[in-house]
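Asks: One-letter residues, chain by chain:
Number of protein chains: 4
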Amino acid sequence: MKEYRLLIETSDTKGLVYNISKILFEHNLNIISNAEFVDNETDEFFMRTVITGEFEEAILKKDLEKVLPINSKIKISDNTKKDIVILATKEMHCLGDLLIKHEAGELEANITAVISNHESLKGLVEKFEIPFEYISHENLPREEHEQKVIQAIKKYSFEYIVLAKYMRILTAGFVQTFPMQILNIHHSFLPAFIGANPYKQAHQRGVKIIGATSHWVTNDLDEGPIIAQDITRVDHNYSWEDMRDAGRNVEKVVLSNALDLVLKDRVFVHGNKTVIL
Amino acid sequence: MKEYRLLIETSDTKGLVYNISKILFEHNLNIISNAEFVDNETDEFFMRTVITGEFEEAILKKDLEKVLPINSKIKISDNTKKDIVILATKEMHCLGDLLIKHEAGELEANITAVISNHESLKGLVEKFEIPFEYISHENLPREEHEQKVIQAIKKYSFEYIVLAKYMRILTAGFVQTFPMQILNIHHSFLPAFIGANPYKQAHQRGVKIIGATSHWVTNDLDEGPIIAQDITRVDHNYSWEDMRDAGRNVEKVVLSNALDLVLKDRVFVHGNKTVIL
Amino acid sequence: MKEYRLLIETSDTKGLVYNISKILFEHNLNIISNAEFVDNETDEFFMRTVITGEFEEAILKKDLEKVLPINSKIKISDNTKKDIVILATKEMHCLGDLLIKHEAGELEANITAVISNHESLKGLVEKFEIPFEYISHENLPREEHEQKVIQAIKKYSFEYIVLAKYMRILTAGFVQTFPMQILNIHHSFLPAFIGANPYKQAHQRGVKIIGATSHWVTNDLDEGPIIAQDITRVDHNYSWEDMRDAGRNVEKVVLSNALDLVLKDRVFVHGNKTVIL
Amino acid sequence: MKEYRLLIETSDTKGLVYNISKILFEHNLNIISNAEFVDNETDEFFMRTVITGEFEEAILKKDLEKVLPINSKIKISDNTKKDIVILATKEMHCLGDLLIKHEAGELEANITAVISNHESLKGLVEKFEIPFEYISHENLPREEHEQKVIQAIKKYSFEYIVLAKYMRILTAGFVQTFPMQILNIHHSFLPAFIGANPYKQAHQRGVKIIGATSHWVTNDLDEGPIIAQDITRVDHNYSWEDMRDAGRNVEKVVLSNALDLVLKDRVFVHGNKTVIL
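Same order as they appear, the protein sequences are chains A, B, C and D.
The first sequence: position 116 = 116 (the working numbering), numbered continuously.
The second sequence: position 85 = 362 (the working numbering), numbered continuously.
The third sequence: position 4 = 558 (the working numbering), numbered continuously.
The fourth sequence: position 182 = 1013 (the working numbering), numbered continuously.
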């Protein structure tokens, strides 16, 4: 059954829940589930309401705007699959996990294309009859390569861009082209081991736990709002390559879980953090 | 600041959130946080709202009753510390953990008494100037011993009874005297290893993870609604005593976390399950 | 570089490590790593030694036999990839995970065939150019179906048979055909929720954590020696289908980790338990 | 029964296990358990052997030295309780946890004294009849305060000094007085959030998991060899104070587990890392 997700972000004021639920009641909508969060430090209010019923989106929004503070954000999404484009480099584990989920019908998304700066994933992607674009970065200035990637992305339908171990640092220009649309998996428990070769760093530091972090990409490398994290235990027997291998299972599960939250419209960005409702 | 917790459990009907929030709005109350859950299988609705402001409890309840289905449960609690009585046997780890938290002012409860069927914990409890009642079960029929324990409990003020490794099986009579007021810690990952010596059972079975479960006590041994669970990893190097020792850390943390949820009025009982809001 | 794994299981006696290491020293072998375990209850001794160097297997074994108690088990394996046959039914997540790892060269095994009692996985498997055998169980007595499966398995080279969510109960006859060669993934935290529909059982019981267990298949359903387990957290918001979906990530990682231990010859069977060295 | 722990650290050479086990065999000692680790990068060899039997320590060591490379480290410890001195500041959770374990006889150590720069823990410590020394840091230069603390420590018997949330930065002079004898608990998942107020930092960064780290104290703040780490999950509902409260359970368990490893002589220092055997 078609469900709609009403997403509201506004400054907290008395009577908000009352006023919003009144409008929904007057529109004769059913509330399937409802979740709110108020950040008591910043007085920011977040609400995600799953509704069923018939309504005119423009009218509902207008009615909500009347009772909400100005500058409130209102978004209405639904439970149909969203389109995504995946960027990857050479590693198969994250990409493969999404391809299998997609094939099994377990991904709440259509993968419309996979783009890579290497050719090695072409065979895997094409097995699943998904367009693969190979855009080598060799002998190209970073910006030029990114322009080609942006053009390639724009050929396809997408709501989000998923970096499934895309091992290129993105310029501010690239990031700003797709604000809060780029989801990344970083192979460390951020903010530990920012930057290159986190498993080597982790091995060097002698940690007993390694992790992975999925986050929105912003201009600041590895500093965007965190959506999901998980960990696994290691010990002195692990070489850095063993850590990398063990980390792959964590990376693919964290990315897949974060993407699932995004696709279900459960992730609000709140400054440099996320609110998951 | 004094906060009130409005707890509502009712059957789901259209406009519930609207109607409830309308009453709160009309009473001029501030909503600090709000959480709801609808069980779509049973159409049961649960809501926990934290409010501040001045109100007459009787009038607020009456006004809420007017807009809620009959047989709705409405409870208003607040954030003052609740009294608890602890029952224990010989082991110190769960009891000690609660005593230290109590001493540190980190427990949202006053421990009004500790009751045990052994005398060995007397020294520990009395260090903290908390009444200790020793009620031996030796040479007593189970019911008679329990009557003495019930009488001892009733000498003290309590909202909940915490079984901090109280190693006696309770009769239906005992349990029914304190319905959904008795919180237990079971030293296994329920429903695995119900009954006696779960660590020996776990060792025998060769599991790679052990756990602990905190639950409400009902007539069915180890079958009451689960509030919290946690686990820790073990391997072939662990004797059953090693599992027991490792399990103690899990037991005390799980009991403490479950109790914290209970004391914050976050635990609803829903059939044989809990809803944590 | 070629490494050999010397696996010894025997009854504990004084001087075992000395006597074994003496033989290895005399054969001029390098010890890369060495792990032992003595079960002090049963006085059983387990040792896994990774060695490099040149040796005659028959002579080394004979020399070891001279210094070990009679009835000692000595096995020499190496780090070349082992062949496996996978059995599956309809679900893609475990099978898909192994296929991707295989494709990426990250599996220490060659998948020589996939056999299923349904046809739906054929498309997926054949993408990877791996033989797929469809052997329907419909209108066949259990034993007759199993005989067909056994014949199909025997067409291929295999050291282990991996049940990647093969949803058929196996007869004693089948199990005895491949003793301690069949690895299963059970979709619960065993011994909780033995039998059918563990996620429905878990949902019904209201647990706060779900898990998965990989174990050797023996005659007793879901009772074989456990190799690996892991868990994930759930709450009242999870329907049983949500638990199943969340559980899939755990299942595939647990199966993959257990298989990795098996392929590295790190798993000893010890009664109804495993010793992982 | 009295058990001895033979701890050997040396450079890896062919025949080490053979030569060591030969000596033990010739001394007619029983090996209860044996664990080795070779760091293949640095060719460093670590071995922990638990033995029973009668022997002259000086002779055994001398015999071992004959077969080991020069500059090998040989240490023989046993399973009698070791003395420790605890340093704390104001927080009760880690100290209280150790006091309860001590009282229960579950700590493999005698707490000979607790020293604090505040007076507030005096009451708690003296309940357990353990000497408490209050050494205020007010109006004292750091070095002078430390000298007083060092003098206080030296009044008591100790093998290790446990910083149970001792909130003072130590000078190099202090650390060098007790090399690899000072065990700390840091309230973050190191190397994330080094320095002051890690929970505020974690809250600010919006992490989804917080942790704690127990490590040897070296001259570099929060950079010493890590012994144990653990984590717990948080979300947007957690204020930094909620994170601190949730973190306390992790801190006390991690410190207690790390101390247990230390007391069982299972922790080897290997550069800036630990090897746990």
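Worth flagging that the hints you see were computed from the coordinates, not collected in a lab.
Only a predicted model underlies this, so the values are computations on that prediction, with no experimental measurement involved.
Even for Gly, the Cβ is constructed at its ideal location relative to N, Cα and C.
Mixed in with the good hints there might be a few duds.
Okay, the calculated beta carbon distance ranges per label pair [to be verified]:
(1) D:Met1011 <-> C:Ile748: 47 to 57 angstroms
(2) C:Asn633 <-> D:Glu834: 47 to 57 angstroms
(3) B:Asn474 <-> C:Asn751: 38 to 48 angstroms
(4) C:Asn633 <-> D:Glu887: 25 to 35 angstroms
(5) C:Glu580 <-> D:Glu885: 42 to 52 angstroms
(6) A:Glu138 <-> B:Glu383: 12 to 22 angstroms
(7) D:Met832 <-> C:Glu580: 31 to 41 angstroms
(8) B:Asp355 <-> D:Ser951: 27 to 37 angstroms
(9) D:Glu1072 <-> A:Ala196: 47 to 57 angstroms
(10) B:Lys352 <-> C:Glu673: 50 to 60 angstroms
For lysine-lysine, the following DSS-like pairs were computed, each having C-alpha atoms within a straight-line distance of at most 30 angstroms [as the list claims (entries may be wrong)]:
(11) C:Lys556 <-> D:Lys912
(12) D:Lys958 <-> B:Lys358
(13) A:Lys66 <-> B:Lys358
(14) C:Lys636 <-> A:Lys127
(15) C:Lys576 <-> D:Lys906
(16) A:Lys200 <-> D:Lys958
(17) B:Lys343 <-> B:Lys367
(18) D:Lys833 <-> C:Lys568
(19) C:Lys635 <-> B:Lys477
(20) D:Lys958 <-> C:Lys556
(21) B:Lys399 <-> A:Lys14
(22) B:Lys399 <-> D:Lys845
A few chain C residues that don't get close to chain D, going by computed Cβ distances all over 12 angstroms [to be verified]:
(23) Tyr558
(24) Ala589
(25) Ile613
(26) Glu662
(27) Asp796
Asks: Okay, which hints does this one fail, numbers in order?
Replies: The structure breaks hints 2, 3, 4, 5, 6, 9, 11, 13, 16, 17, 19, 20, 21, 22, 24; every other hint is satisfied.
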